[in-house]
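Sequences and hints are given; from them, build the entire structure.
As they're listed, the protein sequences go chains Y and F.
For reference, each letter of the first sequence is one residue, going 38 to 243 in our numbering.
For reference, each letter of the second sequence is one residue, going 310 to 374 in our numbering.
Simulated from the structure, these hints should not be mistaken for laboratory data.
If you're wondering where the values come from, they're calculated on a predicted model, not measured in any experiment.
Careful, some of the hints might be misleading.
Once the Cα atoms are required to be at most 25 Å apart in a straight line, the calculated DMTMM-like pairs of lysine to aspartate or glutamate come out as [what the hints assert, rightly or not]:
| hint | chain 1 | residue 1 | chain 2 | residue 2 |
| --- | --- | --- | --- | --- |
| 1 | Y | Lys-137 | Y | Asp-108 |
| 2 | F | Lys-326 | Y | Glu-49 |
| 3 | F | Lys-326 | Y | Asp-240 |
| 4 | Y | Lys-137 | Y | Asp-206 |
Computed spacing ranges between beta-carbons, pair by pair [what the hints assert, rightly or not]:
| hint | chain 1 | residue 1 | chain 2 | residue 2 | range |
| --- | --- | --- | --- | --- | --- |
| 5 | F | Thr-327 | Y | Ala-96 | 35 to 45 Å |
| 6 | F | Thr-320 | Y | Gly-156 | 16 to 26 Å |
| 7 | F | Gly-335 | Y | Ile-231 | 21 to 31 Å |
| 8 | F | Thr-327 | Y | Ala-205 | 20 to 30 Å |
We put the CB at the ideal spot given by N, CA and C, even for glycine.
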Amino acid sequence: MQPDRSTQQIAEEDQTRAQIYALLGRLLTSAPDADLLAKMAAFSGDESELGQALAALAATARKLDPARIRDEYQDVFIGVARGEVMPYASYYLTGFLHSKPLANLRGDMARLGIVRADGVPNPEDHIGSLCEMMAGLITGAFDAAADLPVQRRFFDAHIAPWALRFFADLEAAKNAVFYMPVAGLGRLFIDIEIQAFALVAQDQAA
Amino acid sequence: MTDNKTPKSPTRREFFKTAGLGAAAGAVAGLGAEPVPAQAADAVPESQGYRETEHVKRYYELSKF
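As structure tokens, this is what we get:
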């Protein structure tokens, strides 16, 4: 393996994108522990919408303890029969779990050399897993070093068609207190990504 | 393997700046989520690609999340 994309070779904005994807991935696949919560409580933001979203997340992180957020995670994402939200591409795009969008994702994962671990209970089209995959594609950490066109195809195929609707639902979920500003950040960030990838498309067309 | 010589769109970089990503960098930098060094990828056999839990575990271990 070549010493391909080390820290220095990734543009600053791409590092930040990877960090936000990694954060969203982490928060959407499980409740944060005390350590992460303390780090989030220290976020500060500027006047931009994104800055405001980070500040809102920090304010909420300061108010809640990990046990409270674990309970909330259970109510919002898991529930008794089902959670308040269903964070799966397949569900949003077809109304069913485990349908065509999941099959398409598995095909793309195979092409990109991304393999699912044994023992992960969620289907791969979970929004948190997709965010983790985007973070990995951006940093190039997992053999699947992906330039912008590759990232864009993955994003356009598996995230863009439904993530904004999902985050809007999460933001509005009855039990979402911690997850409301998480959803706010997710919605804003995905919207920024949609616009930014549209610029890549223009460049490619040019 | 992709190298990073693909020219990045200046428009895109500008757009991210306008969108507040630069300022956000300061905030999330507190997470210490450094991109995973190359040896993390080396730890995974080429033929298998990455396995998600290993990826996640490794990523956050290195990120000091």
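inquiry  = Hint by hint, where does the structure go against what was stated? Just the numbers, ascending.
reply    = 1, 5 and 6
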